[in-house]
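**Q** Sequence:
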Amino acid sequence: KFCRQLFGGFSILLWIGAILCFLAYGIQVALDDEPSNDNLYLGIVLAGVVIITGCFSYYQEAKSSRIMDSFKNMVPQQALVIREGEKMEINAEAVVTGDLVEVKGGDRIPADLRIISSNSCKVDNSSLTGESEPQTRSPEFTHENPLETKNIAFFSTNCVEGTARGVVIFTGDRTVMGRIATLASGLEVGRTPISMEIEHFIHIITGVAVFLGVSFFVLSLILGYTWLEAVIFLIGIIVANVPEGLLATVTVCLTLTAKRMARKNCLVKNLEAVETLGSTSTICSDKTGTLTQNRMTVAHMWFDNEIHEADTTEDQSGAAFDKTSPTWAALAHIAALCNRAVFKAGQENISISKRETAGDASESALLKCIELSSGSVKHIREKNPKLNEIPFNSTNKYQLSIHTQEDLSDQRHLLVMKGAPERILDRCSRILIHGKEEPLEEDMKEAFQNAYLELGGLGERVLGFCHQYLSETDYPRGYKFDTDTVNFPTSELCFVGLMSMIDPPRAAVPDAVGKCRSAGIKVIMVTGDHPITAKAIAKGVGIISEGNETIEDLAQRLNIPIEHVNPRDAKACVIHGAELKDMSREHLDEILGNHTEIVFARTSPQQKLIIVEGCQRQGAIVAVTGDGVNDSPALK
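First residue of the sequence shown: 1, per the UniProt record's numbering; consecutive thereafter.
Read the hints as simulated data drawn from the structure, not as lab findings. Warning: the hint list may mix true and false statements.
[Claimed, not checked] In silico SDA-like pairs for lysine to any residue, Cα to Cα no more than 25 Å straight-line:
{"#": "1", "residue 1": "Lys378", "residue 2": "Gln78"}
{"#": "2", "residue 1": "Lys480", "residue 2": "Glu389"}
{"#": "3", "residue 1": "Lys539", "residue 2": "Ser518"}
{"#": "4", "residue 1": "Lys386", "residue 2": "Pro326"}
{"#": "5", "residue 1": "Lys264", "residue 2": "Lys480"}
{"#": "6", "residue 1": "Lys354", "residue 2": "Arg461"}
{"#": "7", "residue 1": "Lys397", "residue 2": "Gly419"}
{"#": "8", "residue 1": "Lys386", "residue 2": "Pro439"}
{"#": "9", "residue 1": "Lys264", "residue 2": "Thr97"}
{"#": "10", "residue 1": "Lys264", "residue 2": "Ala519"}
{"#": "11", "residue 1": "Lys383", "residue 2": "Thr395"}
{"#": "12", "residue 1": "Lys323", "residue 2": "Lys259"}
{"#": "13", "residue 1": "Lys436", "residue 2": "Gly457"}
{"#": "14", "residue 1": "Lys150", "residue 2": "Ser518"}
{"#": "15", "residue 1": "Lys397", "residue 2": "Ala345"}
{"#": "16", "residue 1": "Lys87", "residue 2": "Cys55"}
{"#": "17", "residue 1": "Lys383", "residue 2": "Asn396"}
{"#": "18", "residue 1": "Lys259", "residue 2": "Gly85"}
{"#": "19", "residue 1": "Lys445", "residue 2": "Lys259"}
{"#": "20", "residue 1": "Lys354", "residue 2": "Lys259"}
{"#": "21", "residue 1": "Lys354", "residue 2": "Ala519"}
{"#": "22", "residue 1": "Lys480", "residue 2": "Ala519"}
{"#": "23", "residue 1": "Lys515", "residue 2": "Glu275"}
{"#": "24", "residue 1": "Lys515", "residue 2": "Asn487"}
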């Protein structure tokens with residue numbers, strides 16, 4: 001690296017200039033008794049400029065590399081394996097194909113595993129696929145695509161809850177993560193625009209300098225100078241045409257810019273990348289954690305037959321909703337009690353929305369929402385002790401818990417349940433409206449369906465909530481609730497409401513997208529998440545402008561099949577990774593050329609790379625932003 005800084009690009013021209021100066025000085029020493037030292041000093045200065053600027057650039061890159069190396073602590077230290085019937089903790093690097101591995105909530109997966117048994121196991125795949133929501137892992141094969149199926153857990157992802165056992169199927173470079181790393185390391189790093197401009201400039205300067213030098217050399221000989229004097233003329237003309245200060249000026253300018261960016265928490269790995277960033281014409285951005293906050297947040301509630309908007313801003317300065325309704329009090333009560341997420345200790349001085357939690361992402365979102373709107377969830381739980389519970393599982397699709405009440409005059413037990421909205425509604429015969437229980441009629445079921453579809457259409461994850469006060473005559477204090485035989489009612493309950501969650505956009509993103517667009521930069525979203533969610537976020541941050549329609553929007557508005565819509569009529573488009581897989585290079589180029597606002601959803605790391613290469617084929621200078629491992633090949 002140091003040699004590349006000293007002898008690469010423009011530096012080589014200065015070295016040639018310095019050598020020619022020393023050569024001219026040597027000739028003068030041979031000819032004159034008292035030679036001029038000008039050429040010696042100029043040669044020393046030129047060599048000094050190259051060495052100093054080379055050291056500058058090397059120091060900047062080495063400092064950045066050291067910081068990047070400190071980020072690479074990806075491999076889990078220990079893994080729990082079962083060998084010859086014995087459980088043992090071994091170094092994760094010692095795990096081999098065929099090992100039986102056990103993981104629990106909080107563990108990092110030590111290799112690619114084929115799940116053979118699980119108990120409410122969920123993993124965080126956000127760094128690999130871009131999905132904010134934890135994904136269930138179970139022994140069932142559910143999809144042809146390994147990234148989509150539920151029976152494989154991937155190396156370096158996190159198990160967030162539950163337990164699972166799996167057989168190691170791949171380790172090291174053969175894991176999905178390893179293949180992404182291989183894909184990234186096998187790529188040629190493209191040349192930066194400034195390096196190409198400087199090379200072009202060197203060719204011109206060299207040509208001009210050599211032409212003038214040779215011309216003056218011939219003229220000197222014609223005018224009767226000795227050939228040694230003519231050589232000194234030649235060297236002098238060539239050296240005079242080398243812009244000695246250019247390299248130092250460029251290096252200092254780029255270093256100062258890198259320092260300014262460092263003050264804004266932006267690490268510059270390569271000084272030339274600063275200039276490339278300034279010439280960017282297209283930005284391909286990941287969604288999860290880049291455009292969004294990478295924390296699930298309650299976005300909407302439906303109760304009293306009305307949709308209410310929650311505050312999803314990072315600083316809690318957004319919309320407020322009516323918290324006086326008794327139905328909201330009941331809904332908040334269920335969300336606080338039927339919830340296993342807790343705040344980690346020692347965070348009292350941190351704002352609620354930024355506190356770390358232990359538990360599922362959706363339950364953490366509910367926990368923060370109730371803590372912000374109704375006060376301490378811990379106190380609510382202490383006043384309503386949990387007697388028993390049925391955890392969420394993929395068969396029931398609900399979670400249920402039974403509590404004693406804080407009101408000592410009311411001896412009834414409270415049963416609370418949350419889960420998939422349609423499953424919860426099927427278990428209810430009544431609905432709570434303005435604090436009063438009413439029969440669940442068809443018109444209310446239709447209102448529920450409309451609200452559910454509207455929230456789902458916004459790309460949000462929707463949960464339903466219901467409760468039931470258990471008769472004290474049938475279930476007196478001290479009654480033993482058994483979750484195995486289920487000696488309590490799980491139907492004929494009272495539906496209370498819906499709550500929907502989304503990974504909301506960062507506050508600064510819409511303004512940043514607007515500034516990019518006004519600067520003539522095209523912003524493309526490339527994510528591994530679902531198309532509906534990706535489209536909703538793209539509209540929220542301005543990647544798809546208000547009023548611009550996709551092919552699907554046009555078909556819906558005109559009430560015609562999608563096949564009959566001319567793709568060129570739609571300014572925006574959402575492309576699924578499955579379509580991209582079978583797409584020809586020409587078709588991709590056509591999409592990138594015809595549409596100004598593009599979202600690619602459900603993309604693999606290889607496809608992200610194809611998209612970037614497609615943009616570069618059209619002559620765009622592409623910047624890529626992303627925080628996931630699946631972004632690394634495209635970033636490279």
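**Q** Now tell me if each hint is right for this structure.
**A** Hints versus structure:
1. Annotation: proposed proximity of Lys378 to Gln78 is violated, straight-line Cα distance about 33 Å (limit 25 Å).
2. For the suggested pair Lys480 and Glu389, the alpha carbons sit about 12 Å apart, so the restraint of at most 25 Å is met.
3. Restraint check: the Cα-Cα separation between Lys539 and Ser518 comes to about 17 Å, which is no more than 25 Å; the hinted pair holds.
4. Distance check on the hinted pair: Lys386 and Pro326 sit about 22 Å apart at the alpha-carbon level, within 25 Å; holds.
5. Simply put, Lys264 and Lys480 have alpha-carbon atoms about 59 Å apart, too far for the 25 Å limit, and the pair is violated.
6. Annotation: proposed proximity of Lys354 to Arg461 holds, straight-line Cα distance about 21 Å (limit 25 Å).
7. The straight-line distance between the Cα atoms of Lys397 and Gly419 is roughly 6 Å, inside the 25 Å bound, and the hint therefore holds.
8. For the suggested pair Lys386 and Pro439, the alpha carbons sit about 28 Å apart, so the restraint of at most 25 Å is broken.
9. With a C-alpha separation of about 44 Å, the suggested pair Lys264 and Thr97 falls outside the 25 Å cut-off, and the hint is violated.
10. Our distance criterion of 25 Å between C-alpha atoms is met by Lys264 and Ala519, whose separation comes to about 20 Å.
11. Taking the CA atoms of Lys383 and Thr395, the gap is near 31 Å; set against the 25 Å cutoff, the hint is violated.
12. Note on Lys323 and Lys259: the hinted pairing is violated, with a Cα-Cα distance of about 48 Å set against a maximum of 25 Å.
13. Pair hint Lys436 plus Gly457 does not hold up; C-alpha atoms about 29 Å apart against a cutoff of 25 Å.
14. Straight-line distance between C-alpha atoms of Lys150 and Ser518 comes to about 43 Å, which puts the hinted pair past the 25 Å bound.
15. For the proposed pair Lys397 and Ala345, the alpha carbon gap of about 30 Å is over 25 Å, so the pair is violated.
16. Only pairs whose Cα atoms come within 25 Å are accepted, and Lys87 paired with Cys55 is rejected, the gap being roughly 53 Å.
17. Annotation: proposed proximity of Lys383 to Asn396 is violated, straight-line Cα distance about 28 Å (limit 25 Å).
18. Only pairs whose Cα atoms come within 25 Å are accepted, and Lys259 paired with Gly85 is rejected, the gap being roughly 57 Å.
19. Only pairs whose Cα atoms come within 25 Å are accepted, and Lys445 paired with Lys259 is rejected, the gap being roughly 60 Å.
20. With a CA separation close to 29 Å, the supplied pair Lys354 and Lys259 exceeds the 25 Å bound.
21. Distance hint between Lys354 and Ala519 is unfulfilled; the C-alpha atoms sit about 33 Å from each other, more than 25 Å.
22. Restraint check for Lys480 and Ala519: not satisfied, since their Cα atoms lie roughly 68 Å apart, outside the 25 Å limit.
23. Only pairs whose Cα atoms come within 25 Å are accepted, and Lys515 paired with Glu275 is accepted, the gap being roughly 19 Å.
24. Between Lys515 and Asn487 the alpha-carbon distance is near 61 Å, which puts this suggested pair outside the 25 Å criterion.
The earlier numbered hints that this structure contradicts are 1, 5, 8, 9, 11, 12, 13, 14, 15, 16, 17, 18, 19, 20, 21, 22 and 24.
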